[in-house]
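**Student:** Here's the letter readout for the chains.
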Amino acid sequence: MFGLTKKDLSLLGIVAILTMAAPFILNPFPTESAMAQFNAGYPDLMQKFVIFGIFAIGFNILFGLTGYLSFGHAAFLGVGSYSCVWMFKLLGYNVLPGIALSIVVSGLFALLIGVITLRRSGIYFSILTLAFAQMSFALAYSVLSNPKFNLTNGETGLQVYADDPQWFHSANLPDLPHLFGLSMRATHRMTLGGWEFQFNAGYYMCAIIMLVCFYLAIRIFRSPFGLMLRAVKSNQQRMNYTGLNSRPYTLAAFVISGMYAGLAGGLLSAVDPLAGAERMQWTASGEVVLMTILGGAGTLIGPVLGAGLIKYFENIFSKINESVLHSWFGFLPDGLEDFVITIVYPFVGKGWHLTLGLIFMLVVIFLPGGLIEGGQRIGRLFRGKKASKAGKSATTEPAE
Amino acid sequence: MGILEVKNVNKRFGGLQALGDVNLSVAENSCHAIIGPNGAGKSTLLNCLVGKLIPDTGSVMFDGQSVLGRKPYEINQMGISRVFQTPEIFGDLTVMENMMIACFAQRDGAFKMHAIGSMWKEKDIVEKAEHMLESMNLAEKRDMHTASMSRGDKRRMEIAMCLSQEPRLLLLDEPTAGMARADTNNTIDLLKKIKEERDITIAIIEHDMHVVFSLAERITVLAQGTPLVEDTPEKIKGHPKVREAYLGEAQVA
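Protein chains in written order, with UniProt numbering: chain G, 1 to 400; chain C, 1 to 253.
Among these hints, one or two may not hold up.
Output of the computed footprint for chain G on chain C, the stretches with three or more beta carbons under 8 Å from beta carbons of chain G [claimed, not checked]:
| id | segment |
| --- | --- |
| 1 | 75-83 |
| 2 | 86-93 |
| 3 | 99-106 |
| 4 | 109-120 |
Ranges of calculated distance between the beta carbons of each label pair, as one might list FRET restraints [as the list claims (entries may be wrong)]:
| id | chain 1 | residue 1 | chain 2 | residue 2 | range |
| --- | --- | --- | --- | --- | --- |
| 5 | G | Gly374 | C | Glu134 | 34 to 40 Å |
| 6 | C | Ala180 | G | Met135 | 52 to 58 Å |
| 7 | G | Asn172 | C | Trp120 | 50 to 56 Å |
| 8 | G | Gly374 | C | Lys193 | 45 to 51 Å |
| 9 | G | Val115 | C | Arg12 | 32 to 38 Å |
| 10 | G | Glu314 | C | Arg12 | 55 to 61 Å |
| 11 | C | Trp120 | G | Ile123 | 32 to 38 Å |
| 12 | G | Ser318 | C | Arg107 | 49 to 55 Å |
| 13 | C | Ser214 | G | Val364 | 49 to 55 Å |
Using 25 Å as the maximum straight-line C-alpha spacing, the simulated DMTMM-like pairs for lysine to aspartate or glutamate come out as follows [unchecked claim]:
| id | chain 1 | residue 1 | chain 2 | residue 2 |
| --- | --- | --- | --- | --- |
| 14 | G | Lys7 | C | Glu140 |
| 15 | G | Lys233 | C | Glu122 |
| 16 | G | Lys6 | C | Glu127 |
| 17 | G | Lys6 | C | Asp143 |
| 18 | G | Lys6 | C | Asp92 |
| 19 | G | Lys319 | G | Asp44 |
Calculated directly from the structure, the hints in this document are not laboratory data.
Just so it is clear, the structure is predicted and the values come from calculations on it, not from any experiment.
Ideal Cβ placement from N, Cα and C applies to all residues, glycine included.
The following block holds chain G by itself, in its conformation from the complex:
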């Protein structure tokens, strides 16, 4: 079905079920319990999961397949965000034109940058993309925001003002981003016992778009084009001497991943109509690299997992402050309590980066294939036990 093999289809099915049931899965603790702060099933965070999932899926098409490490992908995310908000300002709050424009503009922008940066490979390519992204950031932050020509609204960030034209806006439409009248903020709350589950329109729209993106990524991975991209990573010399021009292949991969990033940026604006220059900063570019490597570069589902994990840390671990720690360790004798909190404190709250950094180091050292490799090893361990019982040796499946 859908032109996929059974294995890919089941992978797509699992991802579809997980994303559709996310409001339940991410909300395992009752609202009143002490663990409720670990719940991630609220619209804001769930939207981030799938949007950054899209960003990472696209980044992986470039980095995972061709091995070209772009350090400037946040530029496309930012361009997508600005394009979408401009559509809000000019046409009205329907998200479709904004999302469409963000894909087109970021694609063109990626084409321009790709033509220049792909003249080099390896570290030089990375540095070139980084330079372009920082230039874009500088442009967005100050140059393109002057009274005569205000494209980005600088530090404040681009947003919709009351005197914007919004040609297609009418009084019966919500005054916030919407899809043909369905507000992105519309949330259906369902209370079940001690639990409260939230079903948000914006999340479901983003989730469906992510599934489409994921599906397209699978098709690209399995296509002759995907094979050529893996050939680029494996041995460019052989590729050139096999009569293949690697440049257009890498450029196509760069543009496709730029469009994914632009789409993610457009969706960020669609759920929250404010586009700031900080989305283009190098830390944002670095974040998607971390996501992809953490989850498993070159695998299909890894980057989505990586994106989820990082966003979870960013939003959940950062909430744990000193008073929360006191409530956790209150049962300990006073001196010991203070001691434990002193040790734990640097790793939570504002120090969540420290925990993330440690996890990243552990993954890179012990699981170079990312979380996916960890999963595969565990799976093999179980299957190995079963197989040895049956008297057969375990077969190792090729990594996807």
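Given chain G, put chain C in place with the hints provided.
**Tutor:** Only chain C this time, still in chain G's reference frame:
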């Protein structure tokens, strides 16, 4: 008029004259060996043929067309395939995928955006690749990653990929360098078989005299960047100039 015509090619690296007035004509469907001591300019000449280097002066014509100024992939698409000294294959892909890449390159040219259909549904490519693996005795290694193959198998893989492109000229750069005697003999047999089965021209650069004299129909001896002499293997063996320049030190078997 040969399929490959090299005329008055000069190449200089700084103060070093790597190639000086090289003239070479490779006849169609022949096996032509280029031999010479270390530093004679064999590899430089080969690199000039495949577009990696551009000669300072002179011309290189393949089948009546100049190859100068063309990129390696363009020259390959003209019908020249190159086998490297150390096998250059796609190490982290499987044997079958390696083969399919070569088949796609032959069918679709230097670039084709074919990003949605599954590669396994390209029946003609899959069949051709399988057939090729079959004929090169690589079929049972189909799903193996090529990086973990033996040196001899890698060499066979590389030659198989080149052949699947149906080249008119196959360039081999010391194909048996670093191989054990048994692997060397296998490679010689393989090349002989290829020569018998196909209309293909082979140009081979080689150090190993055993390989050269078992395969070549004509031999060019290169010394200090200039062809000393070109003749049949029998004549080359006894040629005094060649003995002096090259074979003198190492007795010919």
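**Student:** Does each hint fit the structure? Answer for all of them.
**Tutor:** Checked hints:
1. 75-83: With 4 residues in contact (Cβ-Cβ under 8 Å with chain G), the coverage given for the segment 75-83 of chain C holds.
2. 86-93: Three-residue rule met by the segment 86-93 of chain C, so holds; n is 6.
3. 99-106: It holds, with 6 qualifying residues against the three required.
4. 109-120: holds (count 12)
5. G:Gly374 with C:Glu134: 34 to 40 Å: 38 Å, holds
6. C:Ala180 with G:Met135: 52 to 58 Å: 55 Å, holds
7. G:Asn172 with C:Trp120: 50 to 56 Å: Holds, since asparagine 172 of chain G and tryptophan 120 of chain C (Cβ atoms, about 51 Å apart) stay within the stated range.
8. G:Gly374 with C:Lys193: 45 to 51 Å: For lysine 193 of chain C against glycine 374 of chain G, whose Cβ atoms are near 47 Å apart, the range 45 to 51 Å holds.
9. G:Val115 with C:Arg12: 32 to 38 Å: Holds, at about 34 Å.
10. G:Glu314 with C:Arg12: 55 to 61 Å: 59 Å, holds
11. C:Trp120 with G:Ile123: 32 to 38 Å: 35 Å, holds
12. G:Ser318 with C:Arg107: 49 to 55 Å: With a Cβ separation near 53 Å, serine 318 of chain G and arginine 107 of chain C satisfy 49 to 55 Å, so the hint holds.
13. C:Ser214 with G:Val364: 49 to 55 Å: 51 Å, holds
14. G:Lys7 with C:Glu140: 23 Å, holds
15. G:Lys233 with C:Glu122: 22 Å, holds
16. G:Lys6 with C:Glu127: Holds, at about 22 Å.
17. G:Lys6 with C:Asp143: 19 Å, holds
18. G:Lys6 with C:Asp92: 24 Å, holds
19. G:Lys319 with G:Asp44: 15 Å, holds
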